[in-house]
Amino acid sequence: GAGVSQSPSNKVTEKGKDVELRCDPISGHTALYWYRQSLGQGLEFLIYFQGNSAPDKSGLPSDRFSAERTGGSVSTLTIQRTQQEDSAVYLCASSPRTGEYGYTFGSGTRLTVV
Amino acid sequence: AQSVTQLGSHVSVSEGALVLLRCNYSSSVPPYLFWYVQYPNQGLQLLLKYTSAATLVKGINGFEAEFKKSETSFHLTKPSAHMSDAAEYFCAVRLDSNYQLIWGAGTKLIIKP
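In order, the protein sequence lines correspond to chains A and B.
This note's numbering puts the first residue of the first sequence at 1, with every later residue one more than the last.
This note's numbering puts the first residue of the second sequence at 1, with every later residue one more than the last.
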């Protein structure tokens, strides 16, 4: 597509429920990134996919968080048993392999856990 | 290790005044450097990038940044601030190991009327 698409744009969920956030990167971009941005905070790296390589999961805050990328394209970030501290904006970005053009970001998913 | 430091979590300037947002980096090799802008309730948008060509880089919305190797800096400037420039600005450096971007903590730019 023309840009990075994230869905849903907003999600309100009850504490303890599972949620899935979707990211559709720019066609042909081999690298895909997930970040979390809590209110008034900077960017917190979560996970990085590059082509067919094993993902860099070093930023995932707990084992309740997981992500997959199917067919080198669409990615899903799953949060199990959501907690109130998971409330944040989740941003997805993609880039060509070497990143010299920087990242292109989606508009994010605002997650609210009540 | 490569890193990025943005001085000042908040910068306030009057409309029409010079905007200066500071970014210093550490890198053992010539870096790729980026500035992004985030308007309220939006994702991040690329403002400009340095990729070892001209040291003075011009970006969108009248912003520019100068790469100074001796000072390991890549400060963002704009001669005259507009109200529409109110946003958060992030500086980033590209890692050489795996091409990921390392991000500064961000600077929120406040424009006073």
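Hints listed in this document are in silico derivations from the structure and should not be mistaken for laboratory results.
One thing to keep in mind: the hints can contain errors.
Just so you have them, the derived chain B footprint on chain A, three or more residues with Cβ under 8 Å [said to hold, decoys possible]:
| no. | segment |
| --- | --- |
| 1 | 7 to 19 |
| 2 | 33 to 43 |
| 3 | 91 to 98 |
Only some residues are given here: those of chain A computed to face chain B with a beta carbon under 7 Å [claimed, not checked]:
| no. | residue |
| --- | --- |
| 4 | G72 |
| 5 | F105 |
| 6 | G106 |
| 7 | T112 |
Even for Gly, the Cβ is constructed at its ideal location relative to N, Cα and C.
Hints, verified against the model:
1. For a cut-off of 8 Å, the count of residues in the segment 7 to 19 of chain A with a CB near a CB of chain B stands at 0, and the three-residue condition is violated.
2. For the segment 33 to 43 of chain A, the stated coverage by chain B holds: 3 residues have a C-beta nearer than 8 Å to a C-beta of that chain, and at least 3 were required.
3. Against chain B, the segment 91 to 98 of chain A contributes 5 residues with a C-beta closer than 8 Å to a partner C-beta. That satisfies the three-residue criterion, and the hint holds.
4. A distance limit of 7 Å between C-beta atoms decides the matter here; for A:G72 the minimum to chain B is near 16 Å, and the interface restraint is violated.
5. Below 7 Å, beta-carbon pairs count as interface contacts, and A:F105 has one with chain B at about 4 Å; its hint therefore holds.
6. The interface hint given for A:G106 is met, as the beta carbon of that residue sits about 5 Å from the closest beta carbon of chain B, less than 7 Å.
7. Proximity of A:T112 to chain B is violated relative to the hint, the smallest CB-CB distance being about 14 Å (cut-off 7 Å).
Taken one by one, the earlier hints fail for this structure at numbers 1, 4 and 7, listed in ascending order.
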